[in-house]
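J.: Take a look at the letters that make up each chain.
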Amino acid sequence: MNTETVHTTGAPLAVAPAQSADSDYNFAFLDEQTKRHIRRALLKAVAVPGYQVPFGSREMPLPYGWGTGGIQVTAAVIGCSDVLKVIDQGADGTVNAVNIRRFFARMTGVQTTTATEKATLVQTRHRIPETPLREGQILVYQVPQPEPLFRLEPRRAQTVKLHALAEYGLMSVRLYEDIAHLGAIARTYDYPVRVNGRYVMSPSPIPKFDNPKMHLNPALQLFGAGREKRLYAVPPYTSVESLAFEDHPFEVQRWDHACALCGAGDSFLDEVIVDNAGRRLYVCSDSDHCQSRQQAGHTGSAVGEPGSQP
Amino acid sequence: MYVSVKGGEAAIENSWRLLAQARRGDPAQPELGLDTIAQQLRLAVHRVMTEGSLYDTELAALAIKQASGDVFEAVFLLRAYRTTLPRFGYALPLDTGAMHIRRRISAAFKDLPGGQVLGPTPDYTQRLLDFALAAGGEPPAPLPPAPAVAAHMPRVLELLNLEGLIEAERPANLGADASSQPTEPTDLTREPLAFPATRAARLQSLARADEGWLLALGYSTQRGYANNHPFAGEIRMGDVVVEMVPEELGFAIDIGDISVTECQMINQFSGSREVPPQFTQGYGLAFGECERKAMSMALVDRALRARELGEPPVAPAQDEEFVLSHGDSLESSGFVQHLKLPHYVDFQSELELVRRLRQAHRAEGGAA
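In the order they appear, the protein sequences are chains A and B.
In terms of my numbering, the first sequence opens at residue 8 and continues consecutively.
In terms of my numbering, the second sequence opens at residue 49 and continues consecutively.
Some hints here could point you the wrong way.
Have a look at the derived ranges for each label pair, beta carbon to beta carbon [claimed, not checked]:
#	chain 1	residue 1	chain 2	residue 2	range
1	B	R404	A	E39	27 to 33 Å
2	B	R271	A	A191	43 to 49 Å
3	B	A411	A	S88	52 to 58 Å
4	A	E39	B	W64	28 to 34 Å
5	B	H374	A	E39	15 to 21 Å
6	B	K158	A	R158	50 to 56 Å
7	A	A284	B	R271	34 to 40 Å
8	A	V180	B	L177	45 to 51 Å
9	A	V180	B	L399	48 to 54 Å
10	A	S88	B	M292	40 to 46 Å
11	B	L387	A	A54	32 to 38 Å
12	B	A216	A	S27	57 to 63 Å
To be clear, the hints were calculated from the coordinates, so they are not data collected in a lab.
C-beta atoms are modelled at their ideal positions from N, C-alpha and C, and glycine is treated no differently.
Chain B on its own, in the form it takes in the complex (with noise of 0.2 Å):
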């Protein structure tokens, strides 16, 4: 006799402690603190942070650590603990000018005041896998300490505007009209992302976007799919100041410094009726280390701006419902793995569909 399938129970606590047992490996090897995650993964954490949208270290370790070191799946379980965390209020903008710098380079000029900083970057290291690391070696010895970097270092596009050759960075941009600043900014994590949507709501949703969407559509727009060639204006990381205004102080006062990676691009206008020949920029911000994903944020942010700009919108870079409803991975990810949850009904229904149409097909004398 037939017995329908029972024991979905059962099976999903079996299938949890399986995973924790894969999880967790030999338990003859050590077991990974979350200060070793965040100290030596560090870069994975701060992807982690930036598409989980929460700056909090010990919990992105907390993440990677349980998600087995799959990113995607360490950014759900940030996010979906996000959304149980209370709101206290509204950060006022990030003064990025006043960064206390550990990495600050240009690729549009030589040299420039504040001189470029390298930092811990692993763009001139040569790839060669060492083997030193494998065998445990220590580390190099530090440093003598370096000159100290200036306190202030101007940022390159403010040295172009003083010659007025990029645009002017409008905060009006970033609100509903250029009268009035906005008293509270749009926040993609209580409203929904409405079409056409203001530059913040695209820079917020670009914020918490896939790496790897960006940096592919980003790539797409140096191949010609959109047409603008830029340059790295500026890519500076290091420590910034959060100040908020507390409603009952009605001063700003200081919360703490998170980390970020900010960059500029800056991309030739040939300019319209209204507005002379100029440099344009596309803008990208991480938490931490993320400076593939601030770059490629950078070069889908100036795409974007295609339709403000009065440029034709030929390529899918350029195609704002497109590129920002495709891009967060937890609705990525979430809706193409939902294929593994049953569809009997709806399979049966096509079944049954297909076999009449087949019948219909013979009847009229169709191929065999």
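Chain A with its partners taken away, still in its complex shape (with noise of 0.2 Å):
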């Protein structure tokens, strides 16, 4: 999709070579039809920012719920020339982004990074990276649940007529309901949206601390729900709003701690027990974010502590 040269300054090894696709399967293991029949349903989705459009899941050689959505999305996007990433909880090391990344590098032979800013395609679970994207980058998400109402209304052939007709009541009275009980909203992730002013949508489960994010990004946000059979979008530059109400604005997540590996204060960080005693550390989910800045000079509090190992 993205033609442009690969800088390989920065951190050392961060793009992995191409190497040769599996031979046994077509490239990046859709067939050439099915790509089709996905980029026609993607196009949908670009033109109707937001709307859930249906589509003709494939079983993927991974199972449904493990990102399938994103999988096929990513199998009907990508070419020769892109530079895939897959991140899960935002680093490229946690179990399932290393299979995903393992599966498109043997289905494509596309080179792989780590790094968000040489990456032309980067596949996502449950975070956007903390490096701004820019345009021409296309952020693939995988989703479970594509239904931002089906709490309140598991009955889908219900929900697309709620939709047809902008009536989300529900969704507001619900918000409403956890003001009243428990004076805030209790939407900790999968925070709903409302994308250009018209569809509410789920962002699939980010973090709320991500929902920002999504507001007027450069890149081209697509997501794949393949358990579901649905794919939504929004286009760049696209506004996404947080649902929330004039008297109780949208509000993310803060700490009363920096990263303790790189000393950022301004990203979305994990909580790390690291003794049978307790004690916690808060590291950056994002480890590209977090590997950049120490590679830069910066260091946080574990760094160095008396006693440490090197």
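Both chains come to you apart, so use the hints to assemble them.
T.: Now the structure itself:
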């Protein structure tokens, strides 16, 4: 999709070289008819931002619920010159991310990378990278449940009508009830958004911390739900507004800590239990962001502690 | 110093090797051949082919071997392989009336043209563990050749139909409207299921559905959750010819035989203003000898016809969206097991929220 040359400055080995694709399978596993079917659905999704487009989801060699929607979207848009990054929980090294990256390395032979800025295509589960995306990049989300209303109305035959009528009263009442009972909206991830002033959309289970990054993002954002057989999209520079009330504005999570490894005070932090006494450490969930900062000389509290192992 | 977790790649590779070792077991034992599985575990093969929507005993046997006998995993392997296969057309509807019968029973009539044929059924075995099998006993001597089964056995429902006692089979029921045959059949592996679904889409979905799911739902209809008392009008098992019309030829050619089990359940229907009282049917079809599956499918098919027959939908088995959305073992098994994947980020978000809510609770003087 993108023919931009890959700059190899920065971290060494950030880009794994292209390998030859597995010749037993078509490029990117799916047959060309299927890719065309998915691309058509994606075009419709881009044309109607936030609208869930049904598509003939295929059975993939990875289980439903493990990223098959994202994998099918990536397979439909990836080209030989793409550089692919795959993250899960923000990290390139988590098992599912490793597995999906290896799948595409084998099925396409494309270059893979852990560096957000070097990637032309980023497939993600549960996070948006901290490094801002740029024009020409594509962010592919794995979506377990594309229907933002499903906890309020499980019948999809019904939710389709609610979307068509832009009837989102149920959702407003739900958020209001949270405020009435708990004093705040108790949604911390998969926090519903309204896209382009029209469709209410699930941003996938990203933390609400990441919601503001979707708004007017220069990159193309594509969403794939394989098991539920739906695709949707947010085109570049599209408004994405987190639902809230005038007197209860949308807020993101904040930590009282900075990252223990790179000292970042503005990234999403994972809490890690480091000993039996339950001592906690907070580190960036975005491993590429954290490593880049460490390479640039930033350090956090856990680095060079007295008595620590090198 | 804390170092963040890495090494996923090596761990995954090691898990593959451990899995392969566990699959093989003790190398002193002879390895299972695909023929052995296909011959001696034939019912597992049939179930995997049915739910895998792919009629190929050798590939199903391979899937069972690779999955160490886990039927869900074997179905998954077969379906994932099926995705890569080219599609060169659609077969004509099977003529199960022309089936080469190996088993045919009716619970509705004591005797009927063609007779009752038990075939290779475990129905009337006494379920006593056979220790002779453990000792590697020889199979019993073959039976003397039986009188040939009638070449064409009319289906029981056709006999009822002569009297108009049962609703006529309506091919149009499968398509969108009564006047025209659908040119291209519904294909759930190409297009997503939409609700309300046509009966063709429903039957296709049920044919691929997990046997356990259908069994439980079918059972629920017998216990009063959707009240329709069924009779096993006919169950038949045997080989049928698959025919298709290649575009370049323009006439039907025989492309092979498959073995299937078909079940037609008969249910009473008290009639409505337009239709006199009559019997209605539920339909089940599965590859090979998947009789439990075919019977369960027929019960659920009938329950799902509630809307069409003007019956009030009161039970889970009559709720089309509920039944069809949760019956696919790939979908259910995948999504249940995805809970094993990392959820650190969402859990972290919830931790932060619960801590904050607890703080607020304390501040308001809530119970300690």
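J.: None of the hints should be skipped; say for each whether it holds.
T.: Going through the hints against the structure:
Range check, R404(B) to E39(A): Cβ separation about 51 Å, and the 27 to 33 Å hint is violated. For the pair R271(B) and A191(A), the supplied restraint of 43 to 49 Å holds, since their beta-carbon distance comes to about 45 Å. Our hint of 52 to 58 Å for A411(B) and S88(A) holds, since their Cβ atoms are close to 57 Å apart. Taking 28 to 34 Å as the suggested C-beta distance range, the pair E39(A) and W64(B) conforms, at roughly 30 Å.
Distance hint check for H374(B) and E39(A): the Cβ-Cβ separation is about 32 Å, which falls outside the suggested range of 15 to 21 Å. Look at K158(B) against R158(A): about 54 Å separates their beta carbons, and that is inside 50 to 56 Å. Evaluation of the 34 to 40 Å hint for A284(A) and R271(B) yields a failure: the beta carbon distance comes to about 54 Å. Judged by the Cβ atoms, the range 45 to 51 Å given for V180(A) and L177(B) is violated: they are separated by roughly 60 Å.
Evaluation of the 48 to 54 Å hint for V180(A) and L399(B) yields a failure: the beta carbon distance comes to about 27 Å. Taken as a hint, the range 40 to 46 Å holds for the pair S88(A) and M292(B), whose Cβ atoms sit roughly 41 Å apart. Distance hint for L387(B) and A54(A): a CB-CB separation of about 35 Å, consistent with the stated range 32 to 38 Å. A C-beta distance of roughly 59 Å is found between A216(B) and S27(A), which places it inside the suggested range of 57 to 63 Å.
Violated hints, listed in ascending order, are 1, 5, 7, 8 and 9; each of the other numbered hints is respected by the structure.
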